[in-house]
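Trainee: So the chains spell out like this:
There are 2 protein chains.
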Amino acid sequence: MFRRQKAQDEGEKEQLLDEGETESLSDFRPLVVLEFSSKTTPVTREWMKAKIEASKKHGGAELNAKMVVAKDGEERVLLVSAPQERLLHGAEQMGLKKKYKDGSVRAFTFAERQNIEDYTESLEGMLTMSQSQYIIKVELDNIRALETENHIPGCSNPKARLYKGKSLLSRMVSCHLLDKMYPVHNPEQLKRLQHDWYHLHEPKQLMGRQPIETIRGYFGESVAMYFSFLGHYTKALVVPTVIGVLYYLFNESGRNDFVIFAVFNMIWATVFLETWKRTSSEHAYNWGTLGRQVFEEPRAGFHGKLGVNRITGRSEPVYPSWKRLLRIYGVSFPIVILCMLVAVVVMMIYFWAENIAKAKHKEENTMLTKGLVLVPSIIYSVVIILMNQAYRTLAQYLTKNENHREQSSYENYLIVKLVLFDFVNCFLCLFYIAFVMQDMNYLRQSLAILLIVQQLVGQLQETLLPYLLMTKRIKKGEKSGLDHVSKPLHEIPRSKQAEVESLMDRYEGTFDDYLELFWQFGYVFLFSAVYPMAAFWALANNIMEIRTDAFKMCRIFQRPFMEPAANIGAWQTVFEVMGFIAVMTNTALIGMSPEIQPLLEGYTTVQKVLIFVAAEHLIIFIKVVLAFAIPDMPEWVETQMGRIEYQSTQALKKQAQLHRTRWMITSAPSLDNENYNHS
Amino acid sequence: MFRRQKAQDEGEKEQLLDEGETESLSDFRPLVVLEFSSKTTPVTREWMKAKIEASKKHGGAELNAKMVVAKDGEERVLLVSAPQERLLHGAEQMGLKKKYKDGSVRAFTFAERQNIEDYTESLEGMLTMSQSQYIIKVELDNIRALETENHIPGCSNPKARLYKGKSLLSRMVSCHLLDKMYPVHNPEQLKRLQHDWYHLHEPKQLMGRQPIETIRGYFGESVAMYFSFLGHYTKALVVPTVIGVLYYLFNESGRNDFVIFAVFNMIWATVFLETWKRTSSEHAYNWGTLGRQVFEEPRAGFHGKLGVNRITGRSEPVYPSWKRLLRIYGVSFPIVILCMLVAVVVMMIYFWAENIAKAKHKEENTMLTKGLVLVPSIIYSVVIILMNQAYRTLAQYLTKNENHREQSSYENYLIVKLVLFDFVNCFLCLFYIAFVMQDMNYLRQSLAILLIVQQLVGQLQETLLPYLLMTKRIKKGEKSGLDHVSKPLHEIPRSKQAEVESLMDRYEGTFDDYLELFWQFGYVFLFSAVYPMAAFWALANNIMEIRTDAFKMCRIFQRPFMEPAANIGAWQTVFEVMGFIAVMTNTALIGMSPEIQPLLEGYTTVQKVLIFVAAEHLIIFIKVVLAFAIPDMPEWVETQMGRIEYQSTQALKKQAQLHRTRWMITSAPSLDNENYNHS
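If you read the sequences in order, they're chains A and B.
Each residue of the first sequence is one higher than the one before, starting from 1 at the first, in the working numbering.
Each residue of the second sequence is one higher than the one before, starting from 680 at the first, in the working numbering.
Some clues are possibly wrong.
For each label pair, taking beta carbons as the anchor points, the in silico distance ranges come out as [claimed, not checked]:
id : chain 1 : residue 1 : chain 2 : residue 2 : range
1  : B       : T1252     : A       : T605      : 35 to 43 Å
2  : B       : S1327     : A       : D118      : 35 to 43 Å
3  : B       : Y1282     : A       : G602      : 35 to 43 Å
4  : A       : P598      : B       : I1028     : 33 to 41 Å
5  : A       : W322      : B       : S1327     : 38 to 46 Å
6  : A       : R278      : B       : V1024     : 22 to 30 Å
7  : A       : P634      : B       : I1309     : 54 to 62 Å
8  : A       : Q597      : B       : N1080     : 42 to 50 Å
9  : A       : R310      : B       : V1303     : 52 to 60 Å
10 : B       : H737      : A       : R278      : 24 to 32 Å
11 : B       : L1005     : A       : S381      : 53 to 61 Å
12 : A       : L341      : B       : G774      : 50 to 58 Å
13 : B       : V1303     : A       : P634      : 23 to 31 Å
One-sided and incomplete, this derived list gives chain B residues near chain A with beta-carbon spacing under 8 Å [stated by the list, open to error]:
id : residue
14 : G774
15 : T991
16 : S994
17 : Y1282
18 : V1285
19 : G1321
Hints listed in this document are in silico derivations from the structure and should not be mistaken for laboratory results.
C-beta atoms are modelled at their ideal positions from N, C-alpha and C, and glycine is treated no differently.
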């Protein structure tokens, strides 16, 4: 019975594809654009097009493709599309989850399409455009070399060798045969999104909700997760801002005992990060990314001897993990430590030079020496920016050199490197001022300058950079005879859209945006005890930040492919660790402030120190207990997940009874037994 | 095709069951014993027997049962058994995992029985006896009331009401109709196990390996996990013991700077606990319990209004979690805090009384006053033991009162209560001596006495208690005319075995054993800096402990039902937290020791304190980094788990394609939608 039904469905599918192929080309709605490099020969390009259109039986992707002419007059741009039914079958293959009419979120199957919440008879609208584009990307990535193919046709590069199961697209990227691959924008949707997101019509919208679900629909989960986190963090800043401003206004005595404020902030950081976990798991449940363990394909840059993946049993490059560990701990780790030491030395030189300049000024007190005092600061600022950029390139090089198999692992190791160095580079001079020089006024002043200047520079970059990119684009466009480049996409004729998008820069992911929040979080929380107004400046910045980031996403960059995300990954840990460091710095700052001493009269200095150590331990204890006590998932999400788990166990049981899993065993590759004799 | 095969298999099964039922009763090998209480009527007992034997279609368990005469001459003892094929089908239903011939551990299915590593044609030996007994227990627990049944037949107790889906056995327990239910011992296996485990033939066996796999086969995972942990901990103690003894022997100057030893111990605690995670995940993988999320049925004592479980969709009592939280934080929490305060007050009274006695002795110095000095210690020791016992009862009462649905949650809340109080009760006087009295010699002395005495009492209890229980059993046995009671089971005639086992006491789980290790771990690690010999005493005790605990399991108690376990649960957290507290106490002790002061000459006292605070933070940082850096699973386990995950995803995809999951959706109960509109 099942057999026959399957055959029937396949028949249906084939028929649908036939229809798709005979569609008149004027109806062709491109979803993804591939731009071959000028190095490619027509043979290679035609071979790739044929592969994309070929049936799965013949190693193809069963998608529709259309070759168009690039600026230089050659047919180097390939538009890829697929009919709705084909995409839905792809969604099923990929294990995409959808919300069903009964409220649960489960793996989508084409057979049950009528039970899906947003089912329509025409099937239109059942997938968001970004999902459709992602499905096409996955299908393209999964076009793999057949046994008979050992070289990319029409390509003389000896590196362009293939082996059975190698992804053709990743090989074309590594041989520089493919320049660009990006999903196209949808001008109408984009216009509506911009309107809801950052077009301010009334001032009351300033703290308004972001349209997270729409953002997710248009840009995918990882971008939506970033903006939701940014929103959650901004909302969380309101409370410290209010308290900080009240302190500022009514603390007329000029005393700086921000003790209660600092203690509140330390606890608040935990509450905010734990409630964020709840929000993020709600998102992840609704988006079908919660608890989804997807087997990760190797990164494009991953290399190694050809072997067998012990998990999938497929051929793929294999790289021994001891070699990777050697590179991490033997190469990267010492270099990172060295860089941090260099940053420390540079900082020491700065303080030393400043002291000399100040002494000179005191001695002579001329206009020249007054100017001289500023020189070290200016040089140091420039050096910091240069070091940051140089280190960034270095960190990327080192992490690439570690040869991680998975993109996620690559990103985590990169985050650790950047965060460690940036911590030293941004915060160490503040630590020096606070705990070595013990000059609280200077600390407050430096903190204010660093925070405000860094934010201003950031905002400028995010408005200046677009302007520069735009001018570049306009120039480029003029060369190619395009005069629409500066206009929003919905004001450009459809036929010119792809060409305009091709000129746009690629969006490199949420990395920089999180790093910016990391700095800000540090400035606000590490030194709350001396400068409560930091929260106010951070809040003001973030309200702007949401808009400039949104503008950047909608107008400056090529649309990115969506990336499934269930949380903010390693950044959660980074912020949590900062929360603990904040407890240490703040209790130390409070303990050192002269205003607190009279309160502890009668105690010896040692006893006072011990009291602060005890207080620090107590606050850390409270934070740990709070982190345990606040459940990471709201109860309704937990119940739903339990229900899905229970049903799938029940399903597997029934199945086992029907003896249907037999094929699973026969298809499992046999592994040698030697590793399992651990008694 | 599948249909037919299924029908065929069912036919096979029925045939097998028929054979089982027509088996001559002399061949009947009992696996599980049920003893009905003297309150039950023959009607109830016969009804239960019929249920156990009835087919699943009629709400039964399809097992074999045989009623035998109890001591009082009534037929109140029910022996339950099942043929091997029936048990294997039960194993499949339960989702039991087995090791396959290809080395992987996956859910067992009867259809693939030939691919299992320990496949035999007769099917004997494919399940361990403890697994067979566990399967029978699960099947018995799963006999549920039909729609037509609303009261236990032959029982006038109004509490004995039933509703559709209520487990009959749990209702019989709550109505005191079922006295005992236990799996029978296997005398031959037990004899061999005893021989391998604790019969010392040569001294070199003293540190020998325990037969963990055999223990697991006989007693199940949770008991095997405890003994494996005990063994791992004992081995880990060897290193501190060696260092401690070396210090003791060669530290002739009499100086007490155990600094290096203490720092080593703090780091060592983390290494030992992290490597234990690896060992435990290896066990769990081999035993098929790793990553196994089983839906937990409600505890026997759980009560609430009859409602619908939102996960399974079945009727069961429902208890709102806000009521539980109210009881936890409103009732239990304040009472626990109060008890801890009482313990503190009692301790203060003890020190006060001792001071008075000492002063009196100094003043008068007679024999009488010399005796008087000992009185407070003696009284305090007795009071501690009494408080401990009283608190234990209270904690159990409070936790029952919290009305947890799951047994695991009940146990976790009980562990937290006991550990909090025991920490105060056992360690607070040592903290007082160390940090308030600051008398290091007195601390060392008290620590030695507490550790050695507590361990001696423990060992005595574990050898005296068996003796007392044995005598009780012999007396009971004599009354019933049994004269074999004191002998090992393999020397008793088969026919008398069940009667002897019925007299044995029930094993209450690994709770007390872990609590004993908790005390010991505290004594050894919290004060390493003053008393390195603690490790030696602990090691000596544990080598004995393994034997006495083993003896207890094999000779004193009824065999327990196996319990699946993937790790040591909340105890892992408890030991980890103790590891962090140890860092604080030890750095404080080192900082306070007068011998360390000359090393820090030239620093002010405040600077010295700050140096120790910095050292403490550094050690905690190292511990946290180590905990992250040591992977919780060995690589081979990780690969295997990834492989299983990958294969099951692939299986689900194939399935989805074949549209076989449709039934899963139609059988899913519909939930109201209102909770899911969180945008």
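Trainee: Next step is simple, just say for each hint if it's right about the structure.
Mentor: Now the hints, each set against the structure:
no.: 1; hint: B/T1252 x A/T605: 35 to 43 Å; in the structure: holds, 37 Å
no.: 2; hint: B/S1327 x A/D118: 35 to 43 Å; in the structure: violated, 28 Å
no.: 3; hint: B/Y1282 x A/G602: 35 to 43 Å; in the structure: violated, 24 Å
no.: 4; hint: A/P598 x B/I1028: 33 to 41 Å; in the structure: holds, 36 Å
no.: 5; hint: A/W322 x B/S1327: 38 to 46 Å; in the structure: violated, 30 Å
no.: 6; hint: A/R278 x B/V1024: 22 to 30 Å; in the structure: violated, 40 Å
no.: 7; hint: A/P634 x B/I1309: 54 to 62 Å; in the structure: violated, 33 Å
no.: 8; hint: A/Q597 x B/N1080: 42 to 50 Å; in the structure: holds, 49 Å
no.: 9; hint: A/R310 x B/V1303: 52 to 60 Å; in the structure: violated, 31 Å
no.: 10; hint: B/H737 x A/R278: 24 to 32 Å; in the structure: violated, 46 Å
no.: 11; hint: B/L1005 x A/S381: 53 to 61 Å; in the structure: holds, 56 Å
no.: 12; hint: A/L341 x B/G774: 50 to 58 Å; in the structure: holds, 55 Å
no.: 13; hint: B/V1303 x A/P634: 23 to 31 Å; in the structure: holds, 29 Å
no.: 14; hint: G774; in the structure: holds, 7 Å
no.: 15; hint: T991; in the structure: holds, 6 Å
no.: 16; hint: S994; in the structure: violated, 15 Å
no.: 17; hint: Y1282; in the structure: violated, 12 Å
no.: 18; hint: V1285; in the structure: holds, 5 Å
no.: 19; hint: G1321; in the structure: holds, 4 Å
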